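Visitor: Could you slot chain B onto chain A? The hints should help.
There are 2 protein chains.
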Amino acid sequence: MIQVAVNGFGVIGRRTADAVAKQPDMKLVGIGKTKPDYKARVAAGKGYKFFVPKKDHQGIFSDAGIETSGTIDEMIEEADIIVDATPDNIGILNKGLYQKIGKPALFQGGQKHDIADLSFVAECNYDQAQGKRFVRVVSCNTTGLCRVLSPLDKSFGVRRARAVLTRRAADPDDTKSGPIDAISLDPVTIPSHHGPDVMTVLPKIEVITMAMKIPTTHMHLHSLIVSLNESNLTQDRINETFVEAERVRLVSSADGVRSTAQVMDYARELGRDRGDMYENIIWSDSVTVFDEEVYFFMGVHQESIVIPENIDAIRAIFGTSSKEESISLTNTTLAIPH
Amino acid sequence: MIQVAVNGFGVIGRRTADAVAKQPDMKLVGIGKTKPDYKARVAAGKGYKFFVPKKDHQGIFSDAGIETSGTIDEMIEEADIIVDATPDNIGILNKGLYQKIGKPALFQGGQKHDIADLSFVAECNYDQAQGKRFVRVVSCNTTGLCRVLSPLDKSFGVRRARAVLTRRAADPDDTKSGPIDAISLDPVTIPSHHGPDVMTVLPKIEVITMAMKIPTTHMHLHSLIVSLNESNLTQDRINETFVEAERVRLVSSADGVRSTAQVMDYARELGRDRGDMYENIIWSDSVTVFDEEVYFFMGVHQESIVIPENIDAIRAIFGTSSKEESISLTNTTLAIPH
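Residue numbers (the numbering used here), protein chains in the order written: chain A, 7 to 344; chain B, 7 to 344.
For reference, chain A alone in the conformation it holds in the complex (with noise of 0.2 Å):
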């Protein structure tokens, strides 16, 4: 069993903690936590262990009704490795802790790549990560961009990637974020970082981006213009390709699915954790190509897409699971279909 602290309980420290306490061959020790608010209470209430900056943040918690396990000194002591999910500015602090320690740790695709010693996607380098002391598993967009342009380079070679990224400018739970009514451009200036943070997975792709902020919440738009090298392309041979490949969910207008309200809701009839979509969401009848190039819409739900690839980056540090095995488990235990 890898015993696993998660250090932050935002969007993604909450879904990696339920979803560390789902995997077999892995237990939760707990989670590093600042403030007692309901997040930790509804936690608290499945049994998951607090853990706090100093001792004196025992009594603010106490408080609040929620007992607390000790220090997160305590719990990083109790780990093999350490999930961080703190906010972005926080992270690059807590390395020297978990490097005093000597334990390794996961970071998150808001830390810049030369934290870690490998940016990771699972379906692209789940090998490389062995023995790694510390992994960045790469951001929202980033990962749903690179489980896509993977497999279409390996059947038809990518020669140059597009992509249009429309954001949502808010999580569900973030009331001081904006624009209310207005198209942000994040930033005005060509490429956006995503396009280069590809290429810290997939150093042979060439990924030019453009971003845009814009008031939605639910997940972010991806419009891909993707040139290949092969020119008898088919739309029946792309959807193949997206078939095959992992954590890619097809759907199409035909099937009631036209925006990205309906992917949600179709995530929450599906009985999904908090509604959560970890697959990349590629609208099959999308997909359309012009001579050389291949055209599509794929939607990144930005809260829950790199959960799968939290739980893989832990297995690939021990090596105590191949590619295979792991995305398979992942899979299984978060009811991702293949």
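These aren't lab readings, by the way, just hints derived from the structure by calculation. Keep in mind that this is a model prediction, so the values were computed, not measured.
Reference excerpt, derived from the structure (chain A facing chain B, CB under 8 Å, subset only): (1) T195; (2) M218; (3) H224; (4) W289.
Below, in silico cross-link-like pairs of lysine to any residue (SDA-like), each with a Cα-Cα straight-line distance of 25 Å or less: (5) B:K210 / A:S233; (6) A:K118 / A:Q134; (7) A:K182 / B:A267; (8) B:K182 / A:D187; (9) A:K210 / B:E299; (10) A:K210 / B:D297; (11) A:K210 / B:T294; (12) B:K118 / A:T294; (13) A:K182 / B:I186.
In this text, a Cβ means the ideal position worked out from N, Cα and C, and glycines have one as well.
Guide: Chain B in isolation, oriented as in the chain A frame:
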């Protein structure tokens, strides 16, 4: 003086009426309208004459304190030309009326290409409009694309243009449209109608468009990826082409414009009627070259971008001004700089 009647008084009709009233060579005969609402009341205060479908509508208007000047048939008799700005499903019905009375008419981009003898953008095909009975001023997105693709083609030769259209879902006065919190693919299939529509004006340029609707009211945002027939492209050379282009305004993040909200605020600062932005907005610092491809962001103010084209189309049909004279006069009256 060209006697102009405006039939329909929604987003385009209101603006066209005001623009006609500003032209030294045109006279606004009046406005065809069915309901005596706040828009009619404000316009009546400007001295505009209202004409109604049937005699018995006059009572409804007089009950609302708005005087009427006759029927729409009578308005058409008085006019040299009719600008039809009625809803999409009505314009096609009106065509028979204009034909019967033997008057030329302009239709808007919501109508199909084949309603008219020519789909029109001033910079692209002004001279072809002379003597035509029915001319269609293409939609806001098509107008925006034509205004930039035509000069790019003249300067460098366009091999293929691709545009992802992030579309405002509702105009500011529209309280019934959605989505509230989603990205709606509109349509899921590729290409959207915009690319083929550009080719009704610029038949030699291949344009492939993908479109979605999002929860804003402000503007459409185009993410463009254009393959050109030159290899020594630079940001400066592309921006020089845009500086020379008609009705294209360059903005930049350094100047504080990073979103559609700031573009609209800018238009209000300029003192424009209704806060309108008639020009294509191009972010000069987004213009980026990768080999023979140029990437950039462009904003399109859906409510107003076609207004100068409606004015020019009137002169183009009668041949009373050259293309250059008409564009210059329209720009001066609407305070559009070159």
